[in-house]
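Novice: What follows is each chain in one-letter form.
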Amino acid sequence: MENLEEVLKKHKLTMDEYENILKIMGREPNMLEIGIFSSMWSEHCSYKSSKKYLNGFPTKAPWVIQGPGENAGVIDIGDGMAAVFKMESHNHPSFIEPYQGAATGVGGILRDVFTMGARPVANMNALRFGNVTNSDDISKHQRYLVRGVVAGIGDYGNCMGVPTIGGETSFDESYNGNILVNAFTLGLAKTDEIFYGLAEGIGNPVVYVGSKTGRDGLGGAVMASDSFTEENKSLRPTVQVGDPFAEKLLLEACLELFKHDYIVGIQDMGAAGLTSSSFEMAGRSGSGMIMNLDKVPAREENMQPFEFMLSESQERMLICAKKGYEDKVLEIFRKWDLDAEVIGEVTNTGNMELFWHGERVADIPVLPVGEEAPIYDRPVARPAYLDEIANTTIDDFDKVANQEAFEKLFSSVEVADKAWIFEQYDSMVQTNTIKAPGSLDASCIRVKENGKALAMSSDCNPRYNYIDPKGGAAAAVIESGRNVAMTGARPLAITDCLNYGNPETPEIMWQFAEGCYGIKEACAKLTTPVVSGNVSLYNETNGVGIFPTPAIAMVGVNDDANKVLPSSFQNVGASLYLVGDTTSEFGGSLYMKELYGKVEGKLPNIDYDKELALWELIIEANKADVISAAKDVNVGGIAIALAKMSSVSGKGVTCNIDLNDSRDIFSESFSRAIVEVKNEVVFENMAKQLRLSITKIGKVEESGFTCNDVKADLEAMKNSYFNKFQEVIEQDI
Amino acid sequence: MKVSVVVFPGTNCEMDTKYAYEKLNADVELVFHKNETLPNDTDLVVLPGGFSYGDYLRSAAIAKFSPIMKDVIRFANDGGKVLGICNGFQMLLEMGLLEGAMKRNSNVHFISKYHHLRVVNNENDFLQKLNIGDVLNIPIAHGEGNYFIDEKALDELYANNQVLLKYSDENGIDKNPNGSVDSIACICNKNKNVFGLMPHPERAIETLLGSNDGIKMLQGLMEG
Chain A
11 MENLEEVLKK HKLTMDEYEN ILKIMGREPN MLEIGIFSSM WSEHCSYKSS KKYLNGFPTK
71 APWVIQGPGE NAGVIDIGDG MAAVFKMESH NHPSFIEPYQ GAATGVGGIL RDVFTMGARP
131 VANMNALRFG NVTNSDDISK HQRYLVRGVV AGIGDYGNCM GVPTIGGETS FDESYNGNIL
191 VNAFTLGLAK TDEIFYGLAE GIGNPVVYVG SKTGRDGLGG AVMASDSFTE ENKSLRPTVQ
251 VGDPFAEKLL LEACLELFKH DYIVGIQDMG AAGLTSSSFE MAGRSGSGMI MNLDKVPARE
311 ENMQPFEFML SESQERMLIC AKKGYEDKVL EIFRKWDLDA EVIGEVTNTG NMELFWHGER
371 VADIPVLPVG EEAPIYDRPV ARPAYLDEIA NTTIDDFDKV ANQEAFEKLF SSVEVADKAW
431 IFEQYDSMVQ TNTIKAPGSL DASCIRVKEN GKALAMSSDC NPRYNYIDPK GGAAAAVIES
491 GRNVAMTGAR PLAITDCLNY GNPETPEIMW QFAEGCYGIK EACAKLTTPV VSGNVSLYNE
551 TNGVGIFPTP AIAMVGVNDD ANKVLPSSFQ NVGASLYLVG DTTSEFGGSL YMKELYGKVE
611 GKLPNIDYDK ELALWELIIE ANKADVISAA KDVNVGGIAI ALAKMSSVSG KGVTCNIDLN
671 DSRDIFSESF SRAIVEVKNE VVFENMAKQL RLSITKIGKV EESGFTCNDV KADLEAMKNS
731 YFNKFQEVIE QDI
Chain B
101 MKVSVVVFPG TNCEMDTKYA YEKLNADVEL VFHKNETLPN DTDLVVLPGG FSYGDYLRSA
161 AIAKFSPIMK DVIRFANDGG KVLGICNGFQ MLLEMGLLEG AMKRNSNVHF ISKYHHLRVV
221 NNENDFLQKL NIGDVLNIPI AHGEGNYFID EKALDELYAN NQVLLKYSDE NGIDKNPNGS
281 VDSIACICNK NKNVFGLMPH PERAIETLLG SNDGIKMLQG LMEG
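In order, the protein sequence lines correspond to chains A and B. Heads up: take any position in the first sequence, counting from 1, add 10, and you land on my numbering. Heads up: take any position in the second sequence, counting from 1, add 100, and you land on my numbering.
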């Protein structure tokens with residue numbers, strides 16, 4: 011091939027990979043075939059850097075119906091019902107074009123879930139932005155990104171009629187050049203009506219349904235597999251444009267289709283579009299496939315085969331129908347005014363054969379594309395910064411009075427209520443939302459079909475992951491589980507979205523590997539397997555990588571929807587207990603960051619038995635009706651947890667906690683909770699049985715806020731808590 | 101009692117509406133917009149919330165061209181009861197069955213939250229089970245709920261007791277989330293058989309989800 015070097019560079023393929031392609035093909039590939047290999051072997055589609063570490067994730071438990079490898083994970087939630095869920099990143103597109111990038115991120119994850127036969131019933135999102143508080147151009151741009159991302163997520167999810175019931179946000183300079191947009195969807199299906207991305211049965215027709223194919227998103231998967239530099243800033247054309255209305259029609263049509271026995275399998279066209287969907291569907295059965303690309307509905311004239319194969323136009327699905335039922339399939343999609351065409355059929359050749367007006371333009375063996383995709387064992391190196399920061403403690407800095415520290419922490423954007431964000435999302439459509447965004451800790455929906463409730467929480471503390479990539483990842487798992495348990499639900503399984511920098515840098519690869527070890531350890535100890543997930547690498551701009559950010563979304567089940575435990579104060583006069591032990595833990599804390607501008611120190615070890623005992627206590631005490639509220643203690647410590655509970659409930663509090671160091675009211679020791687107790691004797695007994703240390707620290711009041719030496723006016727506190735974020739984000743408008 | 105809930109492409113509150121009316125023991129049928137006639141035994145037509153035709157062009161602008169709408173207009177003109185919720189309210193305005201128009205919310209954002217409403221007039225089927233001055237807590241979820249009507253027409257609405265609900269705070273004092281003229285949340289036509297509101301009473305029928313203040317409204321249209 012002429013200009014081979016240039017061609018490979020453009021397609022981000024190495025010479026070794028090209029040699030392998032030659033071996034697989036037995037001849038020189040043409041340009042279309044190179045484009046297909048380039049996409050399938052992109053980091054985004056092949057997980058070539060991460061696979062080594064993803065292998066060995068705990069993925070099994072009696073309640074797991076489908077683990078990783080399908081479009082989404084599936085768990086059994088009882089009475090013949092299953093929860094189907096996954097989280098996915100749309101980081102690079104959202105940085106380039108925040109509105110469309112975020113919107114299509116939501117669209118993509120929704121399709122991943124409903125392609126499995128599930129109706130999406132809840133969305134969440136985990137967002138990371140750079141510094142939004144300053145008056146400089148960087149913060150101004152970040153605020154623009156926040157507004158665009160939130161509008162994009164809202165417009166897409168709202169139109170789909172899927173409630174966005176929760177999420178999390180964090181802000182740190184490390185995201186100035188790479189924001190993170192991780193979208194989560196959970197759907198419900200009957201356990202015996204789950205569909206898979208499978209094409210098999212010789213002669214079965216391959217059907218294209220949904221929107222027409224245009225030139226948008228061409229090469230998106232390859233784009234998302236590189237860092238941003240000065241040269242590739244003008245990538246906007248690689249970002250797809252979303253049409254939530256088309257997706258809503260596609261959802262309804264698919265759900266109508268699933269009621270019949272017309273199809274073998276179905277898969278959405280996400281990253282790498284028609285290429286990845288066709289190769290993966292055929293690959294799962296080892297079949298071959300013929301596709302006539304001239305039959306694909308086109309949005310623009312003069313489109314070429316490679317554009318059909320690599321476009322990332324949204325709202326499209328590929329279906330393998332049962333022979334003889336293709337007309338029935340077409341009829342359903344046309345009822346919903348969607349394009350639907352038979353474009354090919356399953357064969358026994360084991361090859362993907364692509365035709366263009368009768369001429370064969372590509373012929374690639376299917377299985378080797380997946381099986382022989384490169385797996386890299388990239389060099390790893392423990393970053394030097396870890397030793398430099400490990401011994402930092404708050405004693406290295408000037409002491410700050412607790413009152414001043416409290417005011418600073420409580421008015422930080424990280425702590426402030428995010429109503430400005432979540433009120434732009436319809437959180438109540440489908441009439442299942444029991445615990446809505448803003449009510450602290452996990453969000454909950456009821457399941458009309460079986461009277462249970464599902465709790466879900468997305469968590470990750472990037473500061474912890476920076477100072478301790480393994481412990482930080484494990485901490486994200488325990489925190490998401492704790493949040494779920496605080497509602498009285500039993501945590502069952504996680505999905506993850508692993509966001510890291512450039513894997514070609516050994517220190518970044520080390521962070522990634524450690525993160526995976528942390529997740530493996532935590533999921534194994536807690537028996538909360540990983541059922542789906544996504545990896546996003548190359549979150550790096552001009553050589554500056556993000557903090558390691560393994561976002562974890564935990565899903566749990568509460569057997570009785572009427573017994574969802576709130577996370578804010580309920581009854582004036584009720585006693586408050588602190589469960590767990592508080593020591594001076596300020597490594598990666600909000601306290602150190604807000605007061606001293608440092609993200610340094612060490613994370614404490616995780617005591618999984620204690621964590622599990624805490625979950626057990628809350629779940630069982632809630633069942634026994636001896637407690638009326640529970641909230642975990644994390645960022646900002648006891649003082650901030652109490653202040654949030656107070657603001658959200660509009661009730662006051664008086665607490666006195668006996669601590670070694672007066673600053674420990676802001677300590678971030680793991681495995682703790684604040685519990686409002688109805689029956690103290692029974693509660694104390696239950697804690698004793700579980701060998702948990704508990705302390706009665708105070709009670710709920712009509713008004714006023716007192717936590718040791720910190721005092722605040724409730725109205726002033728509410729005013730700050732509920733208005734701060736809007737003031738920051740809208741300061742330019 | 102037969103309730104016909106019309107489903108347009110992009111409608112997304114039809115199942116919630118069906119669930120709510122079935123909880124109140126009504127017989128509910130979902131009617132696809134491509135049908136040309138409503139079921140014969142229809143007592144009440146509900147145009148539910150959502151994003152009909154994606155709300156492209158402007159909210160509810162295209163739904164009026166759906167085949168079913170001729171029969172909905174005939175049904176309304178014959179005195180049949182029609183309730184438009186959120187996107188359905190916007191359709192009633194677009195079809196001219198109710199007066200006025202919708203603009204984008206004054207803060208140009210979609211707004212989803214519980215909001216209080218005050219009963220302004222109860223001399224109609226919809227609010228007959230409520231008292232003037234009652235304060236209700238009902239979810240709102242819309243991007244274009246900024247109701248507009250010119251002054252003269254507004255005077256007529258008041259004169260004919262067509263202004264039914266206003267946005268308020270928990271004490272019943274006017275509080276305006278979206279910029280609507282006079283904080284208006286719900287109106288009806290002169291004949292008092294066509295009702296439109298932006299808030300979602302069908303989302304407020306169970307205390308488990310935060311409020312059951314919508315029950316009396318939905319029940320109002322099941323009586324008399």
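I should point out that these hints are in silico values taken from the structure, not numbers from a laboratory. We put the CB at the ideal spot given by N, CA and C, even for glycine. One or more hints might be untrue.
Each computed SDA-like pair below joins lysine to any residue, with the alpha-carbon atoms no more than 20 Å apart [said to hold, decoys possible]: (1) A/K530 - A/P614; (2) A/K345 - B/T137; (3) A/K462 - B/Y119.
Which chain A residues stay away from chain B? Per the calculated CB distances, all over 12 Å, these [unchecked claim]: (4) E12; (5) I34; (6) G66; (7) G77; (8) V160; (9) T174; (10) L259; (11) P393; (12) Q413; (13) I444; (14) N512; (15) Q580; (16) T593; (17) G662; (18) L702; (19) E740.
Novice: Minimum C-beta separation from A/T174 to chain B exceeding 12 Å: can you confirm that?
Specialist: violated, 9 Å
Novice: Checking the smallest CB distance to chain B, is A/G662 really beyond 12 Å?
Specialist: holds, 19 Å
Novice: Regarding the pair A/K462 and B/Y119, is the alpha-carbon distance no greater than 20 Å?
Specialist: holds, 17 Å
Novice: Does the claim that A/Q413 lies off the interface hold, with its Cβ farther than 12 Å from every Cβ of chain B?
Specialist: Nearest chain B Cβ is 32 Å from A/Q413, so the label holds.
Novice: Taking the closest pair, is the beta carbon of A/E740 still more than 12 Å from chain B?
Specialist: violated, 9 Å
Novice: For A/T593, is the shortest CB-to-CB distance to chain B above 12 Å, so the non-interface label stands?
Specialist: holds, 39 Å
Novice: Beyond 12 Å from every Cβ of chain B: is that where the Cβ of A/I444 lies?
Specialist: Violated, because the least Cβ-Cβ distance between A/I444 and chain B comes to about 6 Å, which does not exceed 12 Å.
Novice: Could you let me know if the closest chain B CB is still more than 12 Å away from the CB of A/L259?
Specialist: violated, 6 Å
Novice: At 12 Å, judged by beta carbons, does A/V160 keep clear of chain B as stated?
Specialist: Non-interface label fails for A/V160: nearest chain B Cβ at 9 Å, not farther than 12 Å.
Novice: Between the alpha carbons of A/K530 and A/P614, is the straight-line distance 20 Å or under?
Specialist: holds, 18 Å
Novice: Does A/E12 sit more than 12 Å from chain B, CB to CB?
Specialist: For A/E12, whose nearest Cβ neighbour in chain B is about 47 Å away, the distance exceeds 12 Å, so it holds.
Novice: Is the Cβ of A/P393 more than 12 Å away from each Cβ in chain B?
Specialist: Since the minimum Cβ distance to chain B is about 41 Å, A/P393 lies beyond 12 Å and the statement holds.
Comparing the model with each earlier hint shows violations of hints 8, 9, 10, 13, 19; every other hint is respected.
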